[in-house]
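*Asks:* What follows is each chain in one-letter form.
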Amino acid sequence: MENYIQYVLDASVFILKGSILTVQLYFVTILFSIPLGITLALMKISRFRSLRIAIGFYTWVFRGTPLLLQLFFTYYGLAIFGINLPAFTAAALTFIINYSAYLTEIYRAGIESVDKGQYEASKALNMNYYQTMKRIILPQVVRRTIPPTCNEAITLVKDTALVVVIGMGDLLRSAKELFARDFAITPFAIAAVVYLLMTTVIVYFFRKIEIKYSIYE
Amino acid sequence: MSNQDLSMKMIQARNLFKSFGTHRVLNDVNFEVNKGEVIVIIGPSGSGKSTLLRCFNGLEEIESGIITIEGETFASKDPGKKDKITPKQKKEISAKLGMVFQHFNLFPHRTVLENVIEAPIIVSGVKKSDAIIMAEALLEKVGLSDKKNAYPSRISGGQKQRVAIARALGMNPDIMLFDEPTSSLDPELVGEVQKVIINLAREKMTMLIVTHEMRFAEEVADRIIFMDEGKIIADEKPDKIFNNPEHPRIVTFIDKITMRQSNRQE
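Residue numbers (this note's numbering), protein chains in the order written: chain Y, 1 to 217; chain A, 218 to 483.
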């Protein structure tokens with residue numbers, strides 16, 4: 001029994017070390033893709049047709065092809081053209097571009113769900129487009145899109161496991177290495193617990209923001 | 218106030234035309250608003266009342282015609298041509314008008330007080346502390362001092378509309394536009410909003426009001442404009458419209474609507 005506890009502890013430390021990369025990739029992706037998603041959403045509803053078409057093409061491609069394929073493309077595919085990105089850079093870039101595509105559509109729908117009376121009231125008060133968006137529309141969009149953004153944030157935790165295919169060692173890979181060495185199911189169980197812990201923290205965090213933003217309802 | 222001020226035209230509209238698709242909503246509209254005048258616009262739905270109002274602050278664009286606000290040209294358009302007035306000029310002129318909407322359009326994520334101070338601070342550059350003093354005075358005027366920290370979702374429709382009036386007044390307009398201000402209110406809340414508007418009329422605020430409340434129209438209006446199918450078919454004193462109308466369409470309309478309103482009150 002004592003041996004088993006020791007084994008679990010050692011295995012956990014090993015897996016947690018692997019999860020450092022998962023967490024790093026996670027935060028880099030979130031940090032860039034949310035602002036990028038909002039910016040692209042604003043561009044997608046702009047009055048410039050070519051801009052709308054360009055963004056539409058982008059979300060079509062990146063939501064319509066597997067993230068795995070995109071990862072292959074940035075890491076192995078670009079190398080053919082002499083662009084050799086370090087694994088982490090390639091992974092972060094792919095995740096940011098992929099997740100921004102989903103978030104763009106979420107925020108676009110959010111912006112379009114705001115009543116046109118809000119724009120009219122802003123205009124009647126002589127606010128310009130920038131002021132209207134920043135002060136009136138986007139704060140309401142943020143509130144409305146917290147639940148779908150939370151969904152994306154949870155999916156992202158699990159999607160980070162895909163980096164194994166470009167040779168990176170993450171949480172899941174560490175667990176699999178232990179499994180291969182010991183032929184025991186415990187490492188997988190530990191990995192599951194670590195994933196659950198991470199998603200729990202994320203859900204808790206989003207719930208907090210949701211409560212903060214819903215005082216006006 | 219000099220005589221010249223009194224005679225100044227706050228709004229002049231000449232030969233206004235506008236269509237939505239094939240439907241002509243404004244069909245050669247001409248009229249003037251004097252300083253301090255309260256004009257109520259009545260007429261069947263779809264007659265172009267709201268559209269006319271919305272053309273005066275740029276929420277709708279006319280197809281052709283000329284609009285001047287306090288002597289300055291706000292819109293000047295020949296059919297099929299571009300407006301001769303730039304958006305920047307329009308923005309400066311439209312600052313003279315405040316608007317109150319049927320559905321209030323308060324900012325739901327801002328408290329009552331924040332709704333009022335928002336535009337003065339970010340548009341006019343008023344200092345926050347000054348804006349708050351001004352907003353508190355306006356909220357007192359509409360009887361809502363005790364609700365200043367409430368969010369719009371926590372107050373009644375009548376209270377929301379009074380906040381909307383305070384918010385519009387916060388920008389110091391010379392002219393107030395009211396687009397069916399009581400149409401989405403429960404009957405028992407209509408009075409409190411009308412009272413605020415009547416008080417503004419006593420202060421000689423120039424106002425244009427679209428409404429279906431005939432008793433209120435009669436009480437508050439200096440002139441009543443009757444619109445039908447995009448045209449102004451009467452522009453008269455209330456007494457004339459209600460007691461001695463010339464046009465048969467006005468008779469039918471007023472009979473129909475007053476019957477409905479008295480039924481509702483029973």
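A couple of the hints might just be wrong.
[Said to hold, decoys possible] Rough simulated footprint, nothing fancy, chain Y against chain A, three-plus residues with beta-carbon under 8 Å: (1) 268-278; (2) 304-318; (3) 329-340.
Hints in this document: simulated from the structure, not taken from any laboratory. Quick caveat, the model's predicted, so the values are computed rather than measured. The beta-carbon is built from N, C-alpha and C at its ideal position, and this holds for glycine as well.
*Asks:* In terms of beta carbon proximity below 8 Å, does the stretch 329-340 of chain A have 3 or more residues touching chain Y?
*Replies:* holds (count 4)
*Asks:* For the stretch 268-278 of chain A, do three or more residues have a beta carbon lying closer than 8 Å to a beta carbon of chain Y?
*Replies:* With 3 residues close enough to chain Y, the hint holds.
*Asks:* Three residues minimum, CB to CB under 8 Å: does the stretch 304-318 of chain A make the cut for coverage by chain Y? Let me know.
*Replies:* holds (count 7)
Every hint, counting from the list given before, is met by this structure.
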